[in-house]
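Asker: The primary structure of each chain is shown beneath.
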Amino acid sequence: MIFALEWRIALRARRLFLLNAGIPLLLVAPLALGGAPDVHAAVVYTVLFAFFGTFGSAIPLVRDVDSGLFGRIVRTGLPTRRVLAERLAAHTLLDVLQLLPGLVLILAAAGTGAGAALRTLLAALAVLLAANTLGIWVASAGRSIAEAALFATILSLFGLHLGGVFRAPAGGVLAGIAHVLPFGHLHAAMREALGIGGAEASIGVALAGALVASGATVALAEPLVRRLTRHTAR
Amino acid sequence: MGPVAALQARGLEHRWRSGHGVGPLDLDVVPAEAVGILGPNGAGKSTLLRVLSGVLPARRGSLRVLGADTVPFSRLGCAADAPVHFDELTGRENALFFARATGLGTGAARDAVDRFIRRLRLEDAADRPAGEYSLGMRRKLALVEAFAHGPALVLLDEPTLGLDAASQEALLGVIREHVVAKGAVVAATNDLAAAARFDRVVFLHEGRIVLAGRPADLLGRHGGHATIRARIRSARPPVIAIDGADVTETTAHRVELRAARAAAVLPALCAALAEQGVVVEEIRVREPDLRDVFREATGATWEFREEDRP
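Taken in sequence, the protein lines are chains Z and V.
Here this note's numbering is used: position 135 in the first sequence is 137, and no number is missing along the way.
Here this note's numbering is used: position 148 in the second sequence is 679, and no number is missing along the way.
Be a bit skeptical, because a hint or two may be false.
[Claimed, not checked] Pulled from the structure, derived: some chain V residues nowhere near chain Z, Cβ distances all over 10 Å:
{"#": "1", "residue": "ALA536"}
{"#": "2", "residue": "LEU558"}
{"#": "3", "residue": "ASP559"}
{"#": "4", "residue": "THR633"}
{"#": "5", "residue": "GLY634"}
{"#": "6", "residue": "GLU700"}
{"#": "7", "residue": "ASP722"}
{"#": "8", "residue": "LEU723"}
{"#": "9", "residue": "ARG739"}
{"#": "10", "residue": "THR758"}
{"#": "11", "residue": "ILE763"}
{"#": "12", "residue": "PRO768"}
{"#": "13", "residue": "GLY775"}
{"#": "14", "residue": "VAL778"}
{"#": "15", "residue": "THR779"}
{"#": "16", "residue": "ARG785"}
[What the hints assert, rightly or not] Reference excerpt, derived from the structure (chain Z facing chain V, CB under 8 Å, subset only):
{"#": "17", "residue": "MET3"}
{"#": "18", "residue": "LEU7"}
{"#": "19", "residue": "ARG10"}
{"#": "20", "residue": "ARG14"}
{"#": "21", "residue": "ALA15"}
{"#": "22", "residue": "GLY70"}
{"#": "23", "residue": "LEU71"}
{"#": "24", "residue": "ARG74"}
{"#": "25", "residue": "ILE75"}
{"#": "26", "residue": "ARG77"}
{"#": "27", "residue": "THR78"}
{"#": "28", "residue": "GLY79"}
{"#": "29", "residue": "LEU80"}
{"#": "30", "residue": "LEU213"}
It should be emphasised that the hints constitute simulated quantities derived from the structure, not laboratory data.
Note that beta-carbon positions come from the ideal geometry of N, C-alpha and C, so glycine has one too.
Required output: the full structure, derived from the provided sequences and hints.
Answerer: See below:
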């Protein structure tokens, strides 16, 4: 019910939908078509996907909490886990759809083969699910859209750092963390798609990591929703 | 065993840091009862409704809603004073979503939503995006959403605000039907004409209940004075002394009296003014209403809007 609602709202707000699809396309086009070094482009694409997911989840959620709409949905009696899970699924798949033109451009410009393209798409799905999950936590910490934007930036960068996107492969615990977070896997998949070598993306691990994070978040829906709605009296 | 109370609050309190808020108070609402919560702005009406509907927590005391310690949301209908909707969806789609989310099947939800859209006179706008709605339409939509799923208890905040006269009448009809069908309604309102048609009214003052009862009984006991106000033209304030009337204001432009029976005083007032050569431009009589009850009970004023003044 919430899944269908979110899709219906997104498709009705045509201008916003097109902007959300068009802006990533405009951001990746100069890199994909302008001959930017692939090693840098792979990082930028990964950062873009992570930010898109986190912001796209956190900002609308803060807006809906502020307006009282989220509270109204929760107070219909629908199970809070279902509300959060369906919202998460809907926003993740909407993000995939809106980023698809940009991704297609990246892959087409690089002449990526079908196998690598599919691996990149699945790694992107894992990152968007993880980033959308992160967005829920960001929204629960922020009291305004400005705060949420700040926290989304900090946490996305931190997640990317932990995922090994900005640093050389490390050993020990950090390597373990980097392995279960999907960000490094998308980075690796992007490198593969652009035809440069490096660590191989493990799509199964990326998807499993994102699913575990989102599942744990949904399991904590009750306290999360209480925290989300604590500052609004509507 | 009797029917489960729709609401049972004991020592209920929610105070903001400023000290404003509501409580401690006790409140009982039974099924098949419409209760009006009255009081001037800032009396705590909206805060009370938000606590009753589970939007705000009770800081102290206990609250049972429909026999449960936690608010059973699917059996509750709420319309806030500033309703929010999905602006991208039509009014009908909004109402259908909330009806289905509270547990109605698709067919039943459609039937119920159609019925309440008709009853509350929203047909013409029902298939337009809610983002295009006026305040009155938004409020009507909130009322459709509050009633459509057939809740046992409906909480309404200023339900008649922004509605035209015909829609107000329609809403009062819907409330009455809901009560006849053994539902309960609690409405915070400043609309005294509407409140006078409820089964019981509760007056809030500074967050506490100061008076409660049937409107007719309260009017009989507390507010038994009509106000007579004359707009005049005179060189000096006229001298008015009439048996059975208290003169509360006398100037060269205005005379105000309070009397148990306006009809008994009016001839004497007109005669006194004529005798003194005073030109009378207008005389207005306001029969006692629930504001007078509040004033008598609390000694506090309940500000009148200028258009309500006699």
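Asker: If a hint holds in the structure, say so; if it does not, say that too.
Answerer: Okay, the hints, checked on the actual structure:
no.: 1; hint: ALA536; verdict: holds, 20 Å
no.: 2; hint: LEU558; verdict: holds, 19 Å
no.: 3; hint: ASP559; verdict: holds, 23 Å
no.: 4; hint: THR633; verdict: violated, 5 Å
no.: 5; hint: GLY634; verdict: violated, 7 Å
no.: 6; hint: GLU700; verdict: holds, 27 Å
no.: 7; hint: ASP722; verdict: holds, 22 Å
no.: 8; hint: LEU723; verdict: holds, 26 Å
no.: 9; hint: ARG739; verdict: holds, 20 Å
no.: 10; hint: THR758; verdict: holds, 37 Å
no.: 11; hint: ILE763; verdict: holds, 48 Å
no.: 12; hint: PRO768; verdict: holds, 49 Å
no.: 13; hint: GLY775; verdict: holds, 49 Å
no.: 14; hint: VAL778; verdict: holds, 46 Å
no.: 15; hint: THR779; verdict: holds, 40 Å
no.: 16; hint: ARG785; verdict: holds, 42 Å
no.: 17; hint: MET3; verdict: holds, 6 Å
no.: 18; hint: LEU7; verdict: holds, 6 Å
no.: 19; hint: ARG10; verdict: holds, 7 Å
no.: 20; hint: ARG14; verdict: holds, 4 Å
no.: 21; hint: ALA15; verdict: holds, 5 Å
no.: 22; hint: GLY70; verdict: holds, 5 Å
no.: 23; hint: LEU71; verdict: holds, 5 Å
no.: 24; hint: ARG74; verdict: holds, 7 Å
no.: 25; hint: ILE75; verdict: holds, 7 Å
no.: 26; hint: ARG77; verdict: holds, 5 Å
no.: 27; hint: THR78; verdict: holds, 4 Å
no.: 28; hint: GLY79; verdict: holds, 3 Å
no.: 29; hint: LEU80; verdict: holds, 5 Å
no.: 30; hint: LEU213; verdict: violated, 26 Å
Violated hints for the displayed structure, listed by number in ascending order: 4, 5, 30.
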